[in-house]
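J.: Throw the hints in and build the complete structure from the sequences for me.
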Amino acid sequence: MAAVSVSAPGKVILHGEHSVVYGRRAVALSLDLRTTLTLTPGGARLVLDLPEVDIQQAWPMGEVEALWERLGQPGEACAAPLTEAQVGQVRDFLGLPEDPPGGPRGLALLSFFQLYLAILPRPVPATLRVTSQLPTGAGLGSSAAYAVCLSAALLRLAGRGAAADSTPSTEVSGGLSLQEVSGWAFRSEQIVHGTPSGIDNSICTYGGAVSFKAGCCSPLGAPPLQVLLVNTRVPRSTKALVAAVAARRRRLPEVVEPVLDALDALAERALQTLADLSSADSPQQQDEAYAALHELVDINHALLASLSVSHASLERLVGVAASYGLHAKLTGAGGGGLGVVVLGRDTAPEAVDKCRSELEAQGYQVWQTILGAPGLTFH
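101 is the number of the first residue of the sequence shown in our numbering; add one for each residue after it.
Check before you lean on any hint, since a few could be wrong.
[To be verified] Derived Cβ-Cβ restraints for the label pairs, each shown as a range:
#1 E184 with E395: 39 to 49 angstroms
#2 K339 with T183: 20 to 30 angstroms
#3 A391 with E368: 11 to 21 angstroms
#4 A158 with D398: 45 to 55 angstroms
#5 E163 with P221: 13 to 23 angstroms
#6 R416 with A314: 46 to 56 angstroms
#7 E395 with G142: 53 to 63 angstroms
#8 A365 with H479: 20 to 30 angstroms
#9 D398 with T338: 20 to 30 angstroms
#10 V334 with P141: 41 to 51 angstroms
#11 Q156 with A314: 39 to 49 angstroms
#12 I399 with D149: 42 to 52 angstroms
#13 R416 with H479: 37 to 47 angstroms
#14 A158 with G315: 34 to 44 angstroms
None of these hints come from the bench; they were simulated from the model.
We treat Cβ as the ideally placed atom computed from N, Cα and C, and that holds for glycine.
T.: In structure tokens, the structure reads:
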């Protein structure tokens, strides 16, 4: 079999941060910073090269096959997730502690073997090399993009194809079912994150835009959006920020619940705005849709700030963008981390350049990129 090269985008939550935890609507779009995986069958070893988390490791096939036998030949009958007991044996094989499981490096190794051993009918020698434009731990879906690429490449290697009754919208080139790829990537995300929502693996698989509410995830049609993605370089703890919002909600439910309802209504309105932007057939209609989109961005940031999940670095970002007539908000958990400046159809390039230059001069890291990029792609 020839080498397989596949890529998947990252993700940005446009609306619904924090409120999605309480069953409200979230809208996420794929980010055109991509992870690329190349799988080359053959050789005498199983090789994984994942420099973003300091993995460059090889295992003799005899050892891998012995592990497969001890696990009861998991992939031979049908592709199914490894059991908890089997995952424990893989952890022992890799020399990983049970808790914590060795940080990002250990989690990436564990999720790799879970997919490799469960999807393939039996172990085969191969070299897998991964490169990524996505920073790890930044809330941009880096682990999901890796899982989507890995799932797709292994399904291709296993000769898996879409079911005969699959619709074109559920397939990618090569006949793979997007639903199946996303499902396997979700299994990997469970290892990395414990209880993932399903947003990340869905958006990294399908691309475009995804609407998510109360566990239901639906792909959307949405036009590409030009943005500046801004890294404040301020570290934050998603767990601590989510806990702080939960504590405030317990103390002040009559205050916080209306804010969560407003964020839900804003996300619902954003769905209509994105649809309006997709269907606009004149420059005037496009400008009206972008004006509505920008207004929602401004309101969203203010609502999130009222929950105390903003940060001085994010407020500076919003202020710098506003000084050039641009619209910015935090994305993800807040407390530092990342923000996004949403541009328009006719945003003046000089305003974008000046905004970017000022942010970089203040120490921010800035990418000019696209939201709504293509999803899983074979090359």
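J.: If a hint holds in the structure, say so; if it doesn't, say that too.
T.: Okay, the hints, checked on the actual structure:
no. : hint                               : result
1   : E184 with E395: 39 to 49 angstroms : holds, 48 angstroms
2   : K339 with T183: 20 to 30 angstroms : holds, 27 angstroms
3   : A391 with E368: 11 to 21 angstroms : holds, 18 angstroms
4   : A158 with D398: 45 to 55 angstroms : holds, 51 angstroms
5   : E163 with P221: 13 to 23 angstroms : holds, 19 angstroms
6   : R416 with A314: 46 to 56 angstroms : violated, 35 angstroms
7   : E395 with G142: 53 to 63 angstroms : holds, 55 angstroms
8   : A365 with H479: 20 to 30 angstroms : violated, 41 angstroms
9   : D398 with T338: 20 to 30 angstroms : holds, 24 angstroms
10  : V334 with P141: 41 to 51 angstroms : holds, 43 angstroms
11  : Q156 with A314: 39 to 49 angstroms : holds, 41 angstroms
12  : I399 with D149: 42 to 52 angstroms : holds, 45 angstroms
13  : R416 with H479: 37 to 47 angstroms : holds, 39 angstroms
14  : A158 with G315: 34 to 44 angstroms : holds, 40 angstroms
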